[in-house]
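Just so you know, the protein sequences line up as chains A and B, in that order.
Convert by adding 68 to the 1-based position in the first sequence; the result is the number in this note's numbering.
Convert by adding 1 to the 1-based position in the second sequence; the result is the number in this note's numbering.
One thing to keep in mind: the hints can contain errors.
[As the list claims (entries may be wrong)] Quick list of in silico lysine to any residue cross-link-like pairs, SDA-like style, CA-CA up to 25 Å: (1) K239(B) / Y211(B); (2) K140(B) / A229(A); (3) K111(B) / L115(A); (4) K19(B) / A222(B); (5) K126(B) / E137(B); (6) K140(B) / L115(A); (7) K15(B) / L115(A); (8) K109(B) / A229(A); (9) K109(B) / D114(A); (10) K15(B) / D114(A); (11) K140(B) / G112(B); (12) K140(B) / E187(B); (13) K196(B) / E172(B); (14) K15(B) / A243(B).
Please keep in mind that the hints were generated in silico from the structure rather than gathered at the bench.
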Amino acid sequence: MDKILSRLEKIILVPFGMAVLLLSLHVFIENLSIIFDFDSRGFYHDLEHFCRSFGLEIHYLYLFVRWSLVLFVFAESLLLSVKIFFLKEGKEFWQKVLFVKLMAISGVIYSFYLYEYYPKNVSSGDVGWSIASGKCLLFFWVSLPLFLIICFYESVKQKNAAN
Amino acid sequence: MLQIKNLHASIDGKEILKGLTLDIPDGQVHAIMGPNGSGKSTLSYVIAGREGYEVTGGQILLDGRDIMEMAPEERAAAGLFLAFQYPVEIPGVAMTMFLKTAINSIRKQKGEGEIDALDFLKLMKRKQAELGMSDEMMKRAVNVGFSGGEKKRNEVLQMAMLEPRMAVLDETDSGLDIDALKIVAEGVNRLRNEKRSFLVITHYQRLLDYIKPDVVHVMAAGKIVKTGGPELAVELEKTGYAEYAA
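Looking at chain B on its own, in the form it has when it is part of the complex:
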């Protein structure tokens, strides 16, 4: 599914990722944990193709295709989804309209026909029912006036609508209380299947209590320094990152 080989990336001339290698097979959930400044968010931005980050070496392959030369929207069409740590608010643009346009843009890039309004609404209702979400949020402008929890729940619905092959969740637990965390985790778990993989980036083990990872990686100083099972997250919760930050 997603293969990252010896990735080097820098911003403003400062190298952040220093030879990161990661392999996420189909259907697996991998978690990356690490101290502040280890490059976790940079990794998510580089995978999604955010401008301003210079990739100085390595490869990122999605389903065997090199995505390094693809524009961010092409990566989205290839099946990549990034759940933002701080989702952007877009006043004046209704969530429904935004999602419909996004889906049609992706379909267009794939050479498929546009989804009509009726089919879109049916799809949206079905996904909302699957995730147990109300449609009240969909009538509002994109993320405007949403609480932290609502934004994250909204992201889960967006992910369900776009049906990505690979989803990167960048510190999706930040700013969430326990109840919101459970709701979001439950939504993510419902989207798990044998063809969809997740990369969950987080500081804390508590998210991984609800989204059970197959593999946990520790990231420090721009690369993966340790890999293990879910027990690694529990161990990190007890010992902290001091060992890796040194």
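With the rest of the complex left out, here is chain A:
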């Protein structure tokens, strides 16, 4: 069973997961350029005007960003779940990772809720809120690799201790 799963992971899950991750990361980084490119060129205001003149409230744009993020976290968590429950390698370590991932997913779902409902209750196209939310997303993306580096360090430490 382990051999089959291991092969399955190598043949299907890893390339598929990597493709999904790279795609969503690519989309997300492009969207980030929208969020953080506005100060120097007044781009954000042009973007807002452009979208609103199409009848879109500005938070719709962040919906696209959100979904690419959700897709990323979902795909990654799916891969990790497979590792934890079927591959038996470093179970304890990956359990910790999964816990944080689940926290992240909860955070994303909560953000989704806020994006979807909060602006409608405040005012249409609440720019300040959108910018703040964009910064929260950036914080998440900066903290995620940091967390993975810490996890990797912990893993190496555990292996060294075992040896």
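Keeping the supplied structure of chain A fixed, place chain B upon it in accordance with the hints.
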């Protein structure tokens, strides 16, 4: 359709529009021509409700409704469309997705149900066929990697999809070669009907060779200084704006 009465507007405390009055009835195409700095683009921004422009007096009525207090997206839902001089690029957001979301947002504001994906695709294919456009552009991100001509052609398709009552074309000919200009003009002409009006803002008469206006206005120093028929545009091409810039 669109009535602008004694409109005054300023930006950063500087008055740009100084008592502009304009009346565009149903189904007509009006052109505004004028020298640089006369306030043409400001007019389009103020009509569309762009933030940063302070309206200090006057009224803008669309189908008899005062749109001054409406947010830009509400104006779009009321039937206003602005074709940008320089359309914004949005990487990572597919054109199809953007348009579908825009249409659904407008439908929602009108209290209508959302269009489903299948109906949207059918509508898009129909509009593309009507305008003779390929669907290759729709698969790309909004305006990303588009040439000037492609962006403008794309705008025509966007306009066709949103079916506005009043379309403002802000220097839509800028950066277009003759072939692209003809294609865009042809698209606009196909969208002309007795219920839809256009305000075409341009520097040059050449666009008006292809989009025949009913009325031509000359704008200078923030107001309309002369109004006439299509022959006025031809006259301006010969004499320039010196007379009005003084």
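Okay, the hints, checked on the actual structure:
no., hint, in the structure
1, K239(B) / Y211(B), "holds (18 Å)"
2, K140(B) / A229(A), "violated (53 Å)"
3, K111(B) / L115(A), "holds (23 Å)"
4, K19(B) / A222(B), "holds (7 Å)"
5, K126(B) / E137(B), "holds (11 Å)"
6, K140(B) / L115(A), "holds (20 Å)"
7, K15(B) / L115(A), "holds (24 Å)"
8, K109(B) / A229(A), "violated (61 Å)"
9, K109(B) / D114(A), "holds (24 Å)"
10, K15(B) / D114(A), "holds (20 Å)"
11, K140(B) / G112(B), "violated (29 Å)"
12, K140(B) / E187(B), "holds (23 Å)"
13, K196(B) / E172(B), "holds (23 Å)"
14, K15(B) / A243(B), "holds (23 Å)"
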